[in-house]
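Residue numbers (this note's numbering), protein chains in the order written: chain A, 96 to 457; chain B, 96 to 457; chain C, 6 to 313; chain D, 6 to 313.
No lab work stands behind these hints, which were simulated from the structure alone.
It is possible that some hints are incorrect.
[Unchecked claim] With a Cα cut of at most 25 Å, we get these calculated DSS-like pairs of lysine-lysine:
no.	chain 1	residue 1	chain 2	residue 2
1	D	K260	B	K142
2	C	K168	B	K154
3	D	K37	D	K244
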Amino acid sequence: MSIATVKPISQGARILSYAGALLETMDAALASHANAFIMGQGVDDFKGIFGSTTGLAEKYGAARVFDVPLMEEGMTGVAIGAALVGDYPITTHIRADFSFLAMNQIINLASKYRYMFGGLMSCPMLIRIVVGRSWGQGAQHSQSPQATFAHYPGLTVVMPSSSQAILDMYPAIINRHPGPVISIEHRLLYNLDFTVSPSEKRVPLTSYVAREGSDVTVVATSVMVLEALRAAQYVQDEAGISAEIVDLNSISHPDWDLVAASLAKTGRLVIADTSWLEYGVAAEVCRQLVVRDPRLLRQPPAMLGMAPAPCPTAKSLEDIYYPSQHETVDAILTQVKGEGHGIALPVERSMTEGYKRFRGPF
Amino acid sequence: MSIATVKPISQGARILSYAGALLETMDAALASHANAFIMGQGVDDFKGIFGSTTGLAEKYGAARVFDVPLMEEGMTGVAIGAALVGDYPITTHIRADFSFLAMNQIINLASKYRYMFGGLMSCPMLIRIVVGRSWGQGAQHSQSPQATFAHYPGLTVVMPSSSQAILDMYPAIINRHPGPVISIEHRLLYNLDFTVSPSEKRVPLTSYVAREGSDVTVVATSVMVLEALRAAQYVQDEAGISAEIVDLNSISHPDWDLVAASLAKTGRLVIADTSWLEYGVAAEVCRQLVVRDPRLLRQPPAMLGMAPAPCPTAKSLEDIYYPSQHETVDAILTQVKGEGHGIALPVERSMTEGYKRFRGPF
Amino acid sequence: MKDEAIYRRLFRTALLIRLVEERIIALYPSDKIQSPVHLSIGQESVAVGVCDGLRPDDLVFATYRSHGFYIAKGGRLDAMFAELYGRTGGISGGKAGSMHLTAPEVGLMGSSAVVASTIPHAVGAALSFKRRGVDRLAVAVFGDGATEEGVYHESLNFAALMKVPVLFLCEDNGLAVHSHRPVRQAYRLAEHAASYGIANRRVEEGWDMLAVRRATLEAAARVRAGEPFVLEIVTSRYKEHVGVGEDFHFNYRTKDGVDAWKGRDPLIVDAQLVEVFRPELEREIAAAVAFAEASPAPGHAELLTDVI
Amino acid sequence: MKDEAIYRRLFRTALLIRLVEERIIALYPSDKIQSPVHLSIGQESVAVGVCDGLRPDDLVFATYRSHGFYIAKGGRLDAMFAELYGRTGGISGGKAGSMHLTAPEVGLMGSSAVVASTIPHAVGAALSFKRRGVDRLAVAVFGDGATEEGVYHESLNFAALMKVPVLFLCEDNGLAVHSHRPVRQAYRLAEHAASYGIANRRVEEGWDMLAVRRATLEAAARVRAGEPFVLEIVTSRYKEHVGVGEDFHFNYRTKDGVDAWKGRDPLIVDAQLVEVFRPELEREIAAAVAFAEASPAPGHAELLTDVI
Ligand SMILES: Cc1ncc(C[n+]2csc(CCOP(=O)(O)OP(=O)(O)O)c2C)c(N)n1
Ligand SMILES: Cc1ncc(C[n+]2csc(CCOP(=O)(O)OP(=O)(O)O)c2C)c(N)n1
Ligand SMILES: [Mg+2]
Ligand SMILES: [Mg+2]
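Pulled out of the complex, with its shape left as it was, chain A reads as follows (with noise of 0.2 Å):
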C-alpha cells in the first residue's frame, strides 16, 4: 500500500518500502565497508529480520552476515569488542523487549567507553530494535524503549518514520558516526511503500518537517508521525486546519529548536509517540519549551501515547491502548478550536487497520 506522500513524485523518485529501504542500507553497508557485518537471531534465514537482511548472507558470506544463539547481552558484547578492533558490527532484535538483555553492554558499556576513556576507545556500531505492535503481540512484544536510551549520554537513538528517513541516515550512521546508535524500527512500518527520493537533502540524524502548517504543532516519532500525517490531512479537508508536523526523528538529538520555532508559529501542541508518556519523550518536549519559555504553549499540549499499562493482548483492549486516528484527529481539533469542537471524527480506528491489515504470525 502507497502512503500519502506530502510531495508529488520528483525526478529520479520511486517506491520502496521500509523493508526494502533497510536492505538497501544493509547491503550498501557491506558492500562499501568492508569490516561492517550483520549479526542476530535469524539474520541469515528465510524470514531475514521480516526481510530487511534476506540474501545478505548468500551475497557476503557467513563470516559478515550470521546467525547467533540466543545471547543478547552476549552478542552485544561481541560487537562492542569487535568495534573496538575497527569493525562495524550491526546487531538486531526482532523485538525492542529483548534488547532489555542486553541493557548493562549498552548503557554501562557502549554508551560510555569513548568518554571513560578519555577517547581512547570508541564503540560505532549500529543496534537494530524492532517495535511490535497488534496482532495480540502482549505486554512483552511491544514496548518502544525510545526515552529509556536516549536518557543516557553517549547513546544515539533515532526512529527513522520512512523508507526516505532510513535512506538518509543509516549511511550516515554506518560511514560516519563516531558511537553507538540504536535504530528503533517499527514493524508496522516494514510493509508499508514510501515514495522516496535521492535529492531530497534532508540533514540526517536530527529533526525534521514533515508537513509545513500554521494553526497547530504536532511532534510525533515513528509510526505516529504517519498516524498524524493522515490526521492532518482530514482536519485540513473537514475544517480547514493547517497542522504542521514535526518528525521528532532523532531522538537522543533532536532539533528543539526547530520544535520551538514551530510552537512560535503556532502556540498550540499535540505530542504523539508509540511508548508511554510517564517519562517519555512527550515529557522531554515538555521540558525542552518550558526551558525556551514557557508562554511558546498558550495552552495544555494534548498528548498521544500508550495507556498507562502493560499492552494487553486482547484486540479489544489494545485497540482503546493505543491512541486511535479518532483521537489523533480529535486531540488536533480540540488544540485548535477547543472542546466541543463539534466537528465529525473519521471512523477509522489506528494504523493498524488504516493502512495494513497486520496479520502476524510475528
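For this one, chain A is given, so just place chains B, C and D with the ligands on it according to the hints.
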C-alpha cells in the same frame, strides 16, 4: 553528622542514620513477615550493604538472609519465582548500575506479571539499589536510573531522602504493597544522621512538602532534597527568600497536584534531580505542569542534574559534573531575583564536601 | 494401575491437545484469534508425560509454547479458548492471550514470551518450598534454545548450590525458530549440567508418553529428595515456529525428520484409539469454543485494572 | 634465552607492579588519589607471566583490578599515576581513574568495573581477527567471580562455536569481595569449560611467574591454531577487595592462607633480587609520581568532550 531538621525535635524523636533506618526496617520485615527474605551479593558479610543488613544473617539464619553468586538477572528471576508463591523477597544491588543486568526480569517480567495475567499473578518484592557518587565512582558506579524504571507501568519507584522516609515507606511497601517496588537509595545518605519521629504521619509512597515557602518551588529528589534544604536556609538568611521544597519521593507516582499547587503559589520553579535532565525527572515535572496549565510557570524553570556526559572519575571534573551548592543557591536566587541578583553565593560546593567527606573506598 | 490404563489416560490428554490445536488452525483464518500462536503439535507427549509424572500441587513454569502444558496440567478448556479469543471469560480476561497461559489453580504458573525468562522463577519457587519445608517441586519448562541464554547458567549454578527441588525440563525440538541446534550450541546438555554436579538424563523417545512419564517420575523422586535435575526430552515440532502453517517449503529443514517422527507418533499410529476418544473430545472443544464465542470482549473498564 | 634471564625480566616487572601499588598505599591517606583502588598485590605473577607469554600485539581486555596488567603489558607509568591522580596527563585525562585503565598502544584494551562485562569483548575482537585472517589473539582477563555471570556462559558457547582465537584467563583468588568460591560456584572451571569442548588448564602455582608464562605460551599456541582456551591461574589477594588496607580482622578469611602464599611469593622470598631492582624502579616511580603531581587537573574544557 546531623542534618538540619525542619522542625524542632519533638516528643519521641530520636537521631537515626539512613543506614540505621534501613537496618531497622529490614529487621522489622524479617521479624514481622515470616516469608520475607533478603538476598544479594554480600548481604551477610561484615559490611552488610553499608550497614543496612549487618547482623541479620546471624539473627534470622542463612535461609532468610543470604549471599548469592554474581547473577543479577538470575537473582531477580529467583526473587520473582519466590514472590509468586507467597514469599516477600528483598534484593540488593550495591550500585544501581548493576540493576541493568536484571533489566529483563524487572521490566519484562516483574512489572508486567500482574496485568499480563489479568490479576492472577503478582510479585510483591523490594529491589534496593544504591546510587554511587563521589570518590571517583566513575561512569559505571554512579548512575541513578529512576526515570528509566518509572517509565514502565507496573513498577513503583521511590527515592527516600531521609531516615524518616525509610521508616514511613518501607513497612508500607513490605507489608501492603501488591507489586514490585524499586527503592533507589543514595550512598551519600547512608552515613548521615537524621531526626526521626514516630508521630510523623506522612502519606507513604507519594510526595510531600519538605519545607514550606512562598517565593519559589524547588522540586527535588533523594540527596538533592538535602542540597535544596541547605540552599533554602541560605537564601532565607542572605536574601529573605522563602523557598518551598517538594520532595518528590515517589518517582512513579508523585503527588503532581501537590507540585502544581506549590507552583500556583510561587510561579517559580527549580528542579533538582540526581540524574541527567534529558528524559529525566525534570522532563516529567515539566510535562505534568504544562498539562495542567502552562501559565503555572511564569518564567523558564531552572534545572539541576548531572552534566550530559557519563560521570568522569577525576575529582576536578566530578565537582563540576554534579550541581554544587553554589549552583543550587544561584538557581533559586536567579528564579526569584533574576540574573545579576548580586547576592553573594556560598563557598561550599556540594553534598560531598558539605555534609560528609565521603572517602571511599566504596 | 496397569500401564495400559495409564497409557489411555495420557493418550486422551495428548489427543485433546492436538485436537485443540487443530481447532486453532481451523479457526485462525477467521481472525477470531488475533495473536501469535506457537503450536506444540508433535510435542504433546512431553507435556502429558511430564505433567502425569508430577503431583497436582507441583508447579510448572512455562513458555509461549504452552497450550500443551496448560491442558496437561488440567487448565480449563473454555477459559483457554476465551483467552485466545481475547475475551473476558479468558483465564486472564484476554490480557494474556496464547503466549501467556496460566492456571495457578492447577499449578501452571506464568508463561513468558521472553525465552528462558521463567527458568529462574522455578528455582525461586523451589527455594521457597525448601525453606518452608513444603514437599513440592517446581518445574522449569523451556526449549533447547533457552539453554543458550546466560540466565540458564546462573539458574543451574544457583539451584545446584542451594540444592533446591527444581526440575529443569528441556523440550529439545532441535530448533530455535529456524536455527538448528548445532549452529547454536557447542555443548551437550547432559555434560553441561553434569559440570554443575546436576544429575541429568536425556530421553530420546520423546514420542513415548509412558517413557517420558517414567523419566519424570524418576527425576521427580530425586528432586524431592533435595537436588535439582535436568531432564531433556527429544521431540519434534511439526508446524512452523509461530503461526498455524507448515514451513517445509522454506527448506531450512526437511520433511524427512518430521515424517520419521510421525511414524512413531501415537496420535497418528494409534488411529483406532484416536477414534475412541475423538467424539467426546470434539464435544468438549466445541463447548469451549462456544463459551469463548459467547464471552464478551473486554473494554474500557478493564484497560487499566491490575496494573500495580 | 635462559630461564634465568626470563625470570629476571619477569621479576623486575612484577616488582614494579608491587612497588607501584605500595606507593599507592603510601599516597592514599593524602587523598591525592580519590578513587576506589583494587590492588593486585599478591597477584602480580599472573599479570607478568601472562603478558610475557603473549605477543605485543595480542590484546588484553581487563577489569577494575588491572594495575598489574597495565604495567605488565607495557603501559606508561607516568600516565598511569596521572590517571590515578585524575589529571590531564593521565592516559584518559583523568576520566577513567584506577578502575578503567587502558593502553591501546600496547594492547591493553578497556577495563570495566562491571564484573564479567569485558569477557565478550575479547571474543568479539577475536572474531574480528579470525574473519580478517590476522594472526593475533585476544585475552579476556577476569576473576573467579566473573564466571558466575550469565555472559560467561554465552561467551564460552559463542567462542567455541565460532572457534575464535580467544584466551579466557581466570585469576582465581578464591574470593569475590568477601565471598569464598565454594558458596558461589557449584562447578569447577575446568569441567565446565570442557562441557563446551573448550580446552583448559588450571595452574595451581600462580606465584610462579615462569610456570604462568609457560602455561600461557602453550595455551596461546593452541589459541593461535584456532580454538578458544580457558586458562585458570590460582592466586592470592593480600589486601582488602577495594582500598589499601588489610582486612583479616574482619574474620571472613584467615591470615594463614595468605601467609602460606607469601612463603612462596618470589617478591618476598627472593629478597636479594628485590634489592637489585628496587633502586631503579623506585626512581621510575618517583618520576611518574612527579609527573602526576605536576600535571594539571582537567576542568570545564574537558567536561563535555568525547561524549558521542
Ligand atoms: C530473549 C529472547 N530472545 C529472542 C526471542 C525470539 N524468539 C522467540 S522463540 C525463539 C526460539 C526459542 O527456541 P527454543 O527455546 O528451543 O524453544 P522452541 O520455540 O523451540 O519451543 C526465539 C529466538 C525471544 N522471545 N526472547
Ligand atoms: C555486575 C556486577 N555485579 C557486582 C559488582 C560488585 N563487585 C565488584 S568486584 C566483585 C567481585 C568480583 O570477584 P572476581 O570476579 O573474583 O574478581 P576479584 O575482585 O576477585 O579480582 C563484585 C561482586 C560489579 N562490579 N559488577
Ligand atoms: Mg527448540
Ligand atoms: Mg576473585
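Q. Among the hints numbered above, which are violated by the structure, and what are their numbers in rising order?
A. none
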